[in-house]
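Assemble the whole structure, with the sequences as input and the hints as a guide.
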Amino acid sequence: MDMKKIFMLWNWGILLMVAILLIPAHGMAQEMTVGAGSFSLAEKTGANHAPLQAYYYRPAAWHDGRPIVVVFHGLKRNAREYCEGLRSCAEGHNFLVVCPEFSESKYPGARYYNIGNVIDRGDKGGK
15 MDMKKIFMLW NWGILLMVAI LLIPAHGMAQ EMTVGAGSFS LAEKTGANHA
65 PLQAYYYRPA AWHDGRPIVV VFHGLKRNAR EYCEGLRSCA EGHNFLVVCP
115 EFSESKYPGA RYYNIGNVID RGDKGGK
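Mind the numbering: the sequence shown is residues 15 to 141 in this note's numbering, read in order.
Keep in mind the hints are simulated off the structure, nothing from the lab.
Possibly wrong hints are sitting among the right ones.
With a Cα cut of at most 20 angstroms, we get these calculated DMTMM-like pairs of lysine to aspartate or glutamate [as the list claims (entries may be wrong)]:
hint : residue 1 : residue 2
1    : 58        : 115
2    : 120       : 57
3    : 58        : 118
4    : 120       : 95
5    : 90        : 118
Simulated restraints on C-beta separations [as the list claims (entries may be wrong)]:
hint : residue 1 : residue 2 : range
6    : 80        : 136       : 40 to 46 angstroms
7    : 81        : 53        : 17 to 23 angstroms
8    : 95        : 62        : 19 to 25 angstroms
9    : 75        : 98        : 16 to 22 angstroms
10   : 52        : 74        : 15 to 21 angstroms
11   : 74        : 119       : 32 to 38 angstroms
12   : 134       : 98        : 36 to 42 angstroms
13   : 118       : 75        : 31 to 37 angstroms
Cβ coordinates follow ideal geometry from the N, Cα and C atoms, glycine included.
Okay, here's the thing in structure tokens:
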């Protein structure tokens with residue numbers, strides 16, 4: 015597979031994950047307490063059917079209709095640390111931070127983590 019195709023697939027995977035994450039965050043606005051917290055989402059496209067864990071930080075002044083920033087962690091898969099690192103920025107600019115955690119057990123290797131298990135025709139996926 016050439017790099018252009020991999021990049022395109024990766025972009026589609028990111029857009030899909032953002033869409034999945036924004037819907038629950040919007041609907042859960044009343045349930046998210048002010049400050050730091052976490053929630054789980056049923057998500058069955060990973061290597062197993064374990065729920066996807068996500069961390070958030072909600073400033074006291076944030077309300078439904080204000081911006082939601084979804085942050086993807088790096089190779090260390092340390093979503094909680096990313097969320098903690100954005101607290102002061104979230105307070106200063108009044109946005110909700112949501113950091114999904116793509117664990118090694120649920121999203122192993124480049125196929126799941128880097129390109130969202132997007133596969134080409136005839137490919138069995140999951141490797």
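Checked hints:
1. Pair hint residue 58 plus residue 115 holds up; C-alpha atoms about 14 angstroms apart against a cutoff of 20 angstroms.
2. In summary, the hint linking residue 120 to residue 57 is supported, as the alpha carbons are separated by about 10 angstroms, within the 20 angstroms threshold.
3. Taken as a hint, the residue 58 and residue 118 pair is honoured in the structure, with Cα atoms around 15 angstroms apart against an allowance of 20 angstroms.
4. With a C-alpha separation of about 19 angstroms, the suggested pair residue 120 and residue 95 falls inside the 20 angstroms cut-off, and the hint holds.
5. At roughly 9 angstroms between alpha-carbon atoms, residue 90 and residue 118 fall within 20 angstroms of each other, so this suggested pair holds.
6. Between residue 80 and residue 136 the Cβ separation comes to about 45 angstroms, which falls inside the hinted range of 40 to 46 angstroms.
7. Remark: the range hint 17 to 23 angstroms for residue 81 to residue 53 is upheld by a beta-carbon distance near 19 angstroms.
8. Hint check: residue 95 to residue 62, Cβ distance near 24 angstroms, so the stated range 19 to 25 angstroms holds.
9. Taking the beta carbon of each, residue 75 and residue 98 are about 19 angstroms apart, inside 16 to 22 angstroms as hinted.
10. Remark: the range hint 15 to 21 angstroms for residue 52 to residue 74 is upheld by a beta-carbon distance near 18 angstroms.
11. Checking the proposed 32 to 38 angstroms range against residue 74 and residue 119 shows it holds: the Cβ atoms sit about 35 angstroms from each other.
12. Taking the beta carbon of each, residue 134 and residue 98 are about 38 angstroms apart, inside 36 to 42 angstroms as hinted.
13. Separated by about 36 angstroms at the C-beta atoms, residue 118 and residue 75 satisfy the suggested range of 31 to 37 angstroms.
Violation of the numbered hints given earlier is absent; every hint is satisfied by the structure.
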